[in-house]
Amino acid sequence: MGSSSKKKKEKQKDFQKAKLKVGKAKGKPENFTDTSFKTKGITLTQQSLTLNAPTSNSQFSHHLSLLSSKSDSQRRDSLAHLTTSITARPVTSPLPQPVSVILPTLLPLILDANTGVRTQLLKLFRSLPAPDVQDHVLQLLPYIRAGMTHLAADIRVSAVEVLTWLVDVAGPEVVSCAGGWIKTLNCFLSVLGWHTEESAKWSANRASFGKSGSKGTPMMKVLIALGEFLNAGIGAPEPTDVEMGDSEQTPGVSNWEFPVGLAAVHMVPDTASPYAYLNLFGQPRDAEGEMYETWEDRYRVFSTRFMSAVERGVENARKEGGELGRAISGVSKVLKESSAYGRVAV
Amino acid sequence: MVKRKLGALEKVEADLPNLQHKIRRDPKSYIEDFRAQHYQYESHREIFMAAPTAANDTGIISLRELIDFIAHVADCYPDITKDFPQQLMDILTQHHLVLEPELREKIVGSLVLLRKKDLLDSATLLQTLFPILITTPSKTLRALIFQKILMDIRASNAKSVNHKLNRTMQTVLFNLVTSDRVSSKGLWAIKLIRELWKRQIWSDAKTVDVMKEASLSENEKVIIGGVRFFLGGDKEREEMEDESSDEEAIDIGKVKHQTTINKKTRKKARAVEKAKATIKRKERKKGQPHPLNFSALHLLHDPQGFAESLFYKHLQNGKSKLSLEQKLQVLQLVTRLVGLHKLHIIQLYSYFQKYLTPRQPSVTSFLASLAQASHDLVPPDVLEPLIQKIANEFVSEASASVVATAGLNAIREICARQPLAIDDTLLQDLVMYRKSKDKGVVMAARGLLSLYREVNPEMLKRRDRGKDASMGLRSGEKKERRFGEDEVGGIEGIELLEQWKEEERKKKRAEKGLASDEEDDEEEDEAAAWDAWNVEDDEDSDDSGGWIDVQSDAEIDLSDSEDEKEGRPAKKAKQDGEDKDKTGSEDKAETKKQNLATTRILTPADLAKLQELRSQAAVDALVPGTKNRRGQTNTTRHKDDPLTAEEIEGLAALSAGKATREERIAHAKEGKTDRADHKSVTAKRKERKEEQGKSTTNKEKARRKNFFMTLGKAKSKGKRSLVETRNVLKAHQDRQKRGGRRGNLGTK
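Just so you know, the sequences run in chain order A and B. Residue numbering for the first sequence is 1 to 346, as defined by this note's numbering. Residue numbering for the second sequence is 1 to 748, as defined by this note's numbering.
What the hints contain is simulated information worked out from the structure, not anything from laboratory work. Being a predicted model, the structure only gives us computed values, none of them experimental. Cβ coordinates follow ideal geometry from the N, Cα and C atoms, glycine included. Warning: the hint list may mix true and false statements.
Stated by the list, open to error - EDC-like cross-link-like pairs, simulated, lysine to aspartate or glutamate; straight-line CA separation at most 20 Å:
{"id": "1", "chain 1": "B", "residue 1": "148", "chain 2": "B", "residue 2": "195"}
{"id": "2", "chain 1": "A", "residue 1": "183", "chain 2": "B", "residue 2": "46"}
{"id": "3", "chain 1": "B", "residue 1": "319", "chain 2": "B", "residue 2": "180"}
{"id": "4", "chain 1": "A", "residue 1": "183", "chain 2": "B", "residue 2": "83"}
{"id": "5", "chain 1": "B", "residue 1": "285", "chain 2": "B", "residue 2": "239"}
{"id": "6", "chain 1": "B", "residue 1": "106", "chain 2": "B", "residue 2": "152"}
{"id": "7", "chain 1": "A", "residue 1": "183", "chain 2": "B", "residue 2": "79"}
{"id": "8", "chain 1": "B", "residue 1": "342", "chain 2": "B", "residue 2": "308"}
{"id": "9", "chain 1": "B", "residue 1": "235", "chain 2": "B", "residue 2": "646"}
{"id": "10", "chain 1": "A", "residue 1": "70", "chain 2": "B", "residue 2": "57"}
{"id": "11", "chain 1": "B", "residue 1": "679", "chain 2": "B", "residue 2": "691"}
{"id": "12", "chain 1": "B", "residue 1": "479", "chain 2": "B", "residue 2": "468"}
What the hints assert, rightly or not - Beyond 10 Å from chain A on every Cβ pair, some chain B residues (computed):
{"id": "13", "residue": "44"}
{"id": "14", "residue": "95"}
{"id": "15", "residue": "124"}
{"id": "16", "residue": "308"}
{"id": "17", "residue": "341"}
{"id": "18", "residue": "646"}
{"id": "19", "residue": "678"}
{"id": "20", "residue": "686"}
Work out the full structure, taking the sequences as your base and the hints as a guide.
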């Protein structure tokens, strides 16, 4: 039984105490794990080691990225920061980021559920330089329209406010861009509830769905916005344009000989996308999404599709009187002017 | 990035489901709100279409919700939403690759919903979904679309067959399979067709044509899909049918009874209504004529061409990439076609030559295929070398018993189909194996022997022929069937009917006690039969759906008396002498065959009885223990059923190594009648009572009583005083006199 004694020895080995020897390191235990490692450098992700504060530019883009944050207050504060940084910069210096970069992150906020965010957003919009906005009307409008037909009344109102600002800043572009005329008017009618004869009557109990905001003022805001929008679209053209052909004594471009007088037509256009009406790269458009670039086009569309509904609505609003009646005056004025001019022109 | 969910507060504001609910109830009042939401959807769509890839979460969520909302109420405002389906289809077809999965599913679901609301026709929907099914790389989307397509086809064929839709869809599938034979896209066509075939929605020749093209494609998966369909599609269909008809039967009486007892709630009332509707539907289904379902193999237009091209393309072709297993499946299909339609592919038999060795993997399948491929129009000299080879390679004393069994079984199966394929020396050699020690071999050899006793006893040795065959030979009844000779067609089971009639007549005569007086009886019978037929005719014209009283003894004999005249001299002759006996019996044999079919007009009653007898015979053949099991290969198996490798393996398939214990038990039980049939009456009664949820008898209760409950009484019994014991005994005696505790004698 040599093997059994061998086994016994092996078993014994486990329980024998390791002898400590002088001048030698203590033996490592059996369950020892080597945790040492080698590295060229250690990076601590939590800590910023830069000594100088972030530049205003980088802060700007950081806050821009915070706009999609979950927290309402974060979004609002970031918007406020952006607004101040835009307004506080020297007048001559350009924006920290171009409008084309800023806008895509701003646009979804038009539909934001939080009122504070939306008011702050409007402030930011107002601080943007007008000429830069003019080129981006086409991107802005769908969001505004979505806001105008939103279920929540507050969002509807603030979207109308944004539209008012936009018409103010870039009126001609708003009414002449693709889908800008018919679709926006449709939204107006749906906000006001003027679409059908039945729904326009004040006596009809218009079952308005969703939480309506504070009564009275929203309606007025919408009516004023509609007046401005109509004015931009089919209001009487500015007097200088009208007189251009008639006044012969004033020396000007219009008085020149035939080929030279039309020189402006042959010049390089000064708008951002002069050939947008060709729609070379976009989706095919239908009647609603079409561009209506001239006054005549817009008036024709308006008179065929919307005139009756708007007049009916105006009439009812006037009968209602009060603040609403006063607010309607802008709209009715535009209507009168345009129809007068339309009769002359057409 | 973590998905941004709409917070609770946001939801309160934008409560589309609430609006949807209100619109459902009063569409007219909420038209303005709907219009606003439609504009909202339009704007969101515009935003989305401008940059489908860059859309953010909020935008997608709101677009999804709007699509859902509009799809649900679209039927209320058809003029506002007339473009909606087209827009959805555009989004899906153009951007299905980049769409967010949930939105994608929502769009598909909404399209199906619109189809249900009839705002979209099936053809358009299918034409939109099908290309996506084929092209999309997303597995979930494919599964969803497949299910939706299937559902739509089923739904549109539910009430009546929508031929137009089926035709367009079948054309699409056909083009899919034929346009690109190398790609595996044809699999979708196969999957779809297989499912529809199973549910008996598509069961026409065009469907089969698509599958035929699939099995001739270049892609292995598609080929095997097509081949599998032909091999197993019909069985699947049958199983499905059985399943659906096996739905648990509802006992309407029980349900009604329960409602009288239980609490009456609306739910229970609904359950009763449902049960009634189910029963009604079932009754109607029973009344409907059974739909004619041809198997896929029968619906092929050109089986010869199909089988040939399958053979040359996938088997004979050296370049085909199919594995052995796949090749075997193709071979199975080819041989089944050959056997079923009696086709001629002469090269097929020489193809087998190479594979008929015991070392070949899954050789039994090859043997089964070979047997399937032989039929009575195959030239015997083509089969003969094959049989010779099987005999040489498989059947010898030196080879393993399993191998010998397989060889013998294969030879038997081939010879059952073409008896001329073997010469008598070889046959006599093989029959000798019935003296082998192995049971499998013995059984196989006996099978061969009994087969030849039936088809051509002359080839056997005289002493192997057996009594029946020898007598048949002597009387000239059993003759060798020549090549290409066809049996004179008859009515299946007519001899059963005749036999039955004979017995009936005998019974009747025995009842009346008139053994000899036949003529009058017959005439009476005849008149009665005509009457019966006429009555039935009237009933038929009145209501074809109702029950028809089948009178079992309504029969018409036109020339029965003449038959009897012929028959009776024969009987007399039997008594006279042996010489005449022979001629008599020959006469009988000749007349027997055509007696009924040619001399009488079979009444509907006769045909019904014939059907009954036929099914009875089929059942009898399956029950073990009956003597007439010879020629089993011919009778029990339907012509359409395939021959499997297991049948070739014979007893070896059951050998201990392969079958588990459960399988063996199941096999042993297979033919046996249910054990419950032999139970005692009491046991049966008890079982029935238990099933109905009724109580047991007092006796039973006493027997089942817990032992510990009886202990106390037993103990106290021992401690009783003499007086107590006397009283008890007295009372007992008294009770006995009265007839029990409830006896009717009254107390003294």
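Each hint, compared with the structure:
no., hint, verdict
1, 148(B) x 195(B), "13 Å, holds"
2, 183(A) x 46(B), "11 Å, holds"
3, 319(B) x 180(B), "19 Å, holds"
4, 183(A) x 83(B), "16 Å, holds"
5, 285(B) x 239(B), "18 Å, holds"
6, 106(B) x 152(B), "17 Å, holds"
7, 183(A) x 79(B), "17 Å, holds"
8, 342(B) x 308(B), "13 Å, holds"
9, 235(B) x 646(B), "18 Å, holds"
10, 70(A) x 57(B), "12 Å, holds"
11, 679(B) x 691(B), "16 Å, holds"
12, 479(B) x 468(B), "13 Å, holds"
13, 44, "6 Å, violated"
14, 95, "12 Å, holds"
15, 124, "20 Å, holds"
16, 308, "53 Å, holds"
17, 341, "56 Å, holds"
18, 646, "54 Å, holds"
19, 678, "65 Å, holds"
20, 686, "67 Å, holds"
When the structure is compared with the earlier hints, a violation turns up for hint 13 alone.
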